[in-house]
Amino acid sequence: MRQAAVSVGLLAFLSGCNRHQSALATFGAEAEGIRTITIALVVGAVFIIAIMVGIYWRAVRAPEGQLTHKQGMRLVLWLGGIGPTILLTVILIFALPAMRPRVTAPGDLTIHVEGEQFWWRVGYERPGGGVLVAANEVRVPVGRTVAFELTGRDVIHSFWIPGLAGKMDMIPGRTNSLVARADKPGRYRGVCTEFCGLSHALMAFDVIAMEPAAFYAWLADQSRPAAGARQGQGAQLFAANGCGGCHAIRGTEHDARIGPDLSRYGDRLTLGAGILPPTIERTADFIRAPQDAKPGVRMPAYPQLSHQEARAIAVYLKGLK
Amino acid sequence: MKRGLPGWAQRLRVTLWTLIVPPATWAVHFLFAYLWAAINCAKVGRFATFPTLFVAGTVAALLVILASGWIAWQQSRVPGDPAPHEESTDIDRLRFLAKSTLLLSGLSFVAVIFTALPVVFIGDCR
Ligand SMILES: [Cu+2]
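Chains C and R, in that order, are what the protein sequence lines are. Under UniProt numbering, the residue at position 256 of the first sequence is numbered 256, and the numbers go up by one with no gaps. Under UniProt numbering, the residue at position 118 of the second sequence is numbered 118, and the numbers go up by one with no gaps.
Chain C with its partners taken away, still in its complex shape:
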């Protein structure tokens, strides 16, 4: 019984272990620096606690009269005053460089991210000029300095890719800058870390670190409209139900910017800001009743759509790639 309780308790610690979203499983230089500081501090703290316990042990067990008042005061001066001052100074100097943002050069990639209840608007500055608008997914080239320009649309959100860098708040009316460099290609995850409403915990995004050549090829390819953006029953239903009043699809007349850009929905790894698999079924369900997946969601429900119609739209959206 007791053993079971202990194992269940220990399991809670394991829940933090995953290589997609963990500050300990890093894929970027900034997060690596934070991890090093964390490990040094934890090890150092354990060491200091051990020393304190040792001194306490000795003080309690020393025979009467063996320790003098003067010795005690000297201990207080050194271990309580001078020692900690030196230690804290060293830690400060050791940790401060991690707070200095990486230097950016002209030509470095800039990605604008806006937090919005409960999704992410992403804009990549193209090398040739102009901005590619996307949503709920952040792609970065590895080995390159990337500047994230972060802001909020409605309330304060916070942008955190644990494996890449520290957190940065997204504040309406203000642009915060976060500079990072990914070092290891792969698929990762980021989250919102400032309570922003009912579906705050359901506001995440995919992060894909790619080789630079692949990244820039992807960026160029994304700018062209998806094939089949205009054809089919799904496209008609999309237009007829006013989805284009909020969503944009490149290559069509829909260019609204209230909801996530759906131009390349078929390429997405998740649905609903990092929370659901983007299958046709799940997408159709989301269209008819988004609040079932995300309480307080800013998209209206479409119960008037038949299941078959919602599915037709989902098939159309999945084809956008």
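Accuracy of the hints is not assured; some may be wrong.
What the hints assert, rightly or not - Computed from the model, here is a short list of chain C residues facing chain R with C-beta under 10 Å: (1) G81; (2) L88; (3) T89; (4) L96; (5) P97; (6) M99; (7) R100; (8) P101; (9) T145; (10) A147.
Stated by the list, open to error - Simulated restraints on C-beta separations: (11) I86(C) x R93(R): 30 to 38 Å; (12) K167(C) x G45(R): 44 to 52 Å; (13) K43(R) x K70(C): 54 to 62 Å; (14) A62(C) x I39(R): 53 to 61 Å; (15) A227(C) x A38(R): 47 to 55 Å; (16) L12(R) x L79(C): 27 to 35 Å; (17) L79(C) x R93(R): 26 to 34 Å; (18) I39(C) x C41(R): 27 to 35 Å; (19) R93(R) x A201(C): 58 to 66 Å; (20) I20(R) x A62(C): 39 to 47 Å; (21) L53(R) x L88(C): 23 to 31 Å; (22) E149(C) x A60(R): 33 to 41 Å; (23) R126(C) x G45(R): 22 to 30 Å; (24) K70(C) x L12(R): 26 to 34 Å.
If you're looking for bench data, these hints aren't it; they were derived computationally from the structure. All residues carry an ideal CB built from backbone N, CA and C; glycine is no exception.
With chain C's structure known, arrange chain R with the ligand on it following the hints.
Below, chain R with the ligand alone, put in the same frame as chain C:
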């Protein structure tokens, strides 16, 4: 007890006001650090390799704290009643205030350095 130079320091008036000189200097330096960084970033846009004004301000703050601490140290050694210096006599009151001021200047000295280090180390307006 040495006579001469420390004599004037020992004769200075001691009140609760002199006690708060070191922490007040710390507070002013703290404000100075914020103002300097904000104005510097707004007007110049970047940090100089050697921020002369900021270093001068920090050195000035440290000197004020050092002076206050040194005076307090002298005063805490004024000969008088025997230990444990806890009677309500003039000399014990002096020694109490002096010792407190001395400890506060130690704290404030370190605090000013801890405030200055980030400014020098981060040195970035972003
Ligand atoms: Cu949020």
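Each hint, compared with the structure:
| no. | hint | in the structure |
| --- | --- | --- |
| 1 | G81 | 7 Å, holds |
| 2 | L88 | 7 Å, holds |
| 3 | T89 | 7 Å, holds |
| 4 | L96 | 4 Å, holds |
| 5 | P97 | 7 Å, holds |
| 6 | M99 | 5 Å, holds |
| 7 | R100 | 5 Å, holds |
| 8 | P101 | 5 Å, holds |
| 9 | T145 | 13 Å, violated |
| 10 | A147 | 9 Å, holds |
| 11 | I86(C) x R93(R): 30 to 38 Å | 34 Å, holds |
| 12 | K167(C) x G45(R): 44 to 52 Å | 26 Å, violated |
| 13 | K43(R) x K70(C): 54 to 62 Å | 55 Å, holds |
| 14 | A62(C) x I39(R): 53 to 61 Å | 57 Å, holds |
| 15 | A227(C) x A38(R): 47 to 55 Å | 52 Å, holds |
| 16 | L12(R) x L79(C): 27 to 35 Å | 33 Å, holds |
| 17 | L79(C) x R93(R): 26 to 34 Å | 31 Å, holds |
| 18 | I39(C) x C41(R): 27 to 35 Å | 33 Å, holds |
| 19 | R93(R) x A201(C): 58 to 66 Å | 59 Å, holds |
| 20 | I20(R) x A62(C): 39 to 47 Å | 40 Å, holds |
| 21 | L53(R) x L88(C): 23 to 31 Å | 26 Å, holds |
| 22 | E149(C) x A60(R): 33 to 41 Å | 38 Å, holds |
| 23 | R126(C) x G45(R): 22 to 30 Å | 27 Å, holds |
| 24 | K70(C) x L12(R): 26 to 34 Å | 30 Å, holds |
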